[in-house]
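Engineer: Below, each chain spelled out in residue letters.
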Amino acid sequence: MRRDESSLIRWLLIALALGFLGLFLVLPLAAVLAQALGKGTGAYFAALTQPDAWAAIRLTLLVAAIAVPVNIGFGLVASWAIAKFDFRGKSLLISLIDLPFSVSPVISGLVFVLLFGLQGWFGETLRDHNIRVLFAVPGIVLATMFVTFPFVARELIPLMEEQGREEEEAAIVLGAGGFKTFLTVTLPNVKWGLLHGVLLCNARAMGEFGAVSVVSGHIRGLTNTMPLHVEILYNEYDFVGAFAVASLLALLALLTLVAKSALEWRLRDEISALRQS
Amino acid sequence: MPKNNPAKPWRVIPGFGLTLGLTLGWLSVLVLIPLTSLFVMASGLSLDQWLAILADTRVQAAFRLSFGGALVAALINAAAGLLVAWVLVRYDFPGRRLIDAMVDLPFALPTAVAGIALAALYAPQGWIGQLIEPLGIKVAFTPLGAIVAMVFVGLPFVVRTVQPVLEDIDSEVEEAAASLGAGRWQTFTRVILPTLAPALLTGFALAFARAVGEYGSVIFIAGNFPGLSEIVPLLIVVRLEQYDYVGATAIAAIMLVASFVLLLAINGLQRWNRDRLSRGAA
Amino acid sequence: MTSDWSRDAMRLVLATALVVGAAMALAAAIPGAGAAESRTLLNVSYDPTRELYQDLNAAFVKSWKAKTGEDLRINQSHGGSGKQARAVIDGLEADVVTLALAYDIDAIAQRGQIDPKWQSRLAANSAPYTSTIVFLVRKGNPKAIKDWDDLVRPGVSVITPNPKTSGGARWNYLAAWGYELNRSNNDAAKAEAFTTALFHNVPVLDTGARGSTTTFTQRGIGDVLIAWENEAILALKEVPGQFEIVAPPLSILAEPPVAVVDKVVDRHGTRALAESYLSFLYTPEAQEIIARNHYRPRDPDIAKKHAAEFPPVRLFTIDDVFGGWGKAQTAHFADGGIFDRIIVNAKK
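Quick note, the sequences are listed as chains A, B and C, same order. Here our numbering is used: the first residue of the first sequence is 1, the next is one more, and so on. Here our numbering is used: the first residue of the second sequence is 1001, the next is one more, and so on. Here our numbering is used: the first residue of the third sequence is 2001, the next is one more, and so on.
Please keep in mind that the hints were generated in silico from the structure rather than gathered at the bench. Predicted model only: the values in this text are computed from it and were never measured. Keep in mind that the hints are not guaranteed to be accurate.
Unchecked claim - Label-pair ranges, simulated between beta-carbon atoms:
1. Phe87/A to Glu1172/B: 54 to 64 Å
2. Gly1095/B to Thr125/A: 15 to 25 Å
3. Glu1172/B to Leu12/A: 18 to 28 Å
4. Leu187/A to Arg1097/B: 20 to 30 Å
As the list claims (entries may be wrong) - Anything over 12 Å on all C-beta distances counts as not near chain C; from chain A, calculated:
5. Gly19
6. Leu114
7. Asp128
8. Glu166
9. Val198
10. Leu251
11. Leu252
12. Val258
Positions of the beta carbon are idealized from the N, C-alpha and C atoms, including for glycine.
Only chain A is shown next, with the shape it has when bound in the complex (with noise of 0.2 Å):
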């Protein structure tokens, strides 16, 4: 029974959104695609079944695969840490977490390298005993999983902060045990924000440029992940490719937005259909 603005407005309203998504959202991607297609289907496919494509797109799965699973284990500890226990400096703390979020991308590699580096705190030892960190997988598994580190956190923890902690406690007292009492209780709770959280955090994984620039090395077929090849294919007069490779990256993110959504909405429906019942 809300009153609701006439359609007039709400129609003008939707246009003024559409509008600002279009030019921000649409018209980039569409760009992107437009590029991609732009020598037809035929010269796409070409484009990613190059070698050195699919060297790039195994590695970006690769760093994708240790860095996400990571963080959803940082994630669900801290954000249990912060959400059911009081303590002093928890403020602090949770800007800690969030920090590599605005830490400029360029800082971001720059850290490991000062790090890492021949010229860096562990680089000769390292060198000594041949393990190669820098310009090498760990090195770029390492800056992925910096930048990507606040994302389930910061998703989860203000969820689990709502949700209070009576729910635990009961089932505490009840005789549950702890772990237990994670599983069946917190988790089902939290479990829409873990997996927003978890696409967020796959994405970025996937598509980090910035960092992961500065520690790769640029070798080509070794350590170049997906957004890395595009500039390289883009800096080779490569349009069609550099951009169907980043088409891929775009597409695939879309595909689980899309999917996680539907999902969501899904849900809320059946919510919402219990309660009118």
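Fit chains B and C to the known structure of chain A by using the hints.
Structural biologist: Showing chains B and C alone in chain A's frame:
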């Protein structure tokens, strides 16, 4: 909502020591120790050298563009993000769910790709550029271009923080306001906006924080003129190109402190607001 | 209850550690797998040489196989010259570096990874090919650009990358400076005024040479691109029919040098291989490939064969005019150097 009494010495929920220990340990290894290396490196500078860096007009101009541009971009995102969230939550129209999903796209697109795409769009020959260039508006390769890129990367944040709060607003409050004779606009400014304010502020701050450090997309569209359209991260890169590690880390350290203070302020604000709300409810 | 919790938690931590460990091992194994089969060499190079080394590497691998029967894999890394030099300094294990300017290899040598006398180890200043700086203009040369002083005319829009971040841009800048120095009988003040006027006409400073080429050819910005000769010829081939090359009567002799990274090859045991790779660049076969990729070959016979593509330009060297890269770098491109002054005055 009854709050756990902080003074209570005995905790029902187990695992505090373990989870906090793991959190602090992992945070130190992955974030704090690497960032410390920055400050150690930068500490090689004398006070005079620090002052020289701060007094450099080129450094000042870069900080003005990075922070000023990010501020403008975050303001645009706050207004547009609120509008988008409102439309997505309140109205039904074809393609709504697809658009809802697309909002996170700037997150997934590598920043360099975003920069190339935006530069291609806004260049004089581009789809948008050829429309606005005759009007005398130059976006690509000007400071305005940097702001466009910053709006793009910060776009998801306001929408995503405002959206859930907007969904939770009790329609009864609005109905009550309406039945008391408030117009739609009055209801919005007096009832809805104050409720949204904290989320809006958080989203604004997040968009700002993200835009300040942005590099990949901005360098493709900004023009990169020293003192004019050069951002701080580029200044760091320029120093590195001259093998001036200390100078680069010094600027990085200043940036890092600025963003940390910013985050502390955001989180403090959020906490203060939550306390205020819970006190109001009690 | 507490022990229950911690046992479960420990299990979780262990499982996570196991998964991460396995994934890490897999990650380490993937690059290793390719490397184990055959000997590898890593060539860390600058941006525009991708096509060149693709061809050169294929030829060298073939000739090495014919000579020794050994399979070889040459990995390539490309990026801005300074950025690449920094990566090697920071531990990128390059067996050989092939960069845009001697200054960048000097920077690696200063950190002890290359013998300080590297430049005299190979013929011709360790530069197996040369290039020069030319102009790329739009079809029909509508602004009638013929020489350097046409670039400072009002209304001419000039594209060049940022000398602070691009090796190629430093050659561009020094070529312009050298031109005016020559014209004004070594008047440094005039050279600075000339270069300032030139940068006054520059609307975009891209961070790399390829970035500038893209800005000029793809974005349609500018009337003239100052570029490597090889870069300009390549752009002509990539986008046919839209551009023309104008070679100024006087320009700079660019000598992109190559060097074996001593510390790395000694650890890898690849010195002999790396040295034969670099000497290969001077062979007629490689010189022919170099010429076909639009770089000026050192070999006089090959140069004669391709003379049509490389118009005669009077060339001055950086050693003659600027006293070498070290001096040029400190005077012009260091912080507080002449370029910093020029860029401020150019936008006044």
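Engineer: Going through the earlier hints one by one, which of them does the structure break, listed in rising order?
Structural biologist: Structure breaks hints 1, 2, 6, 7.
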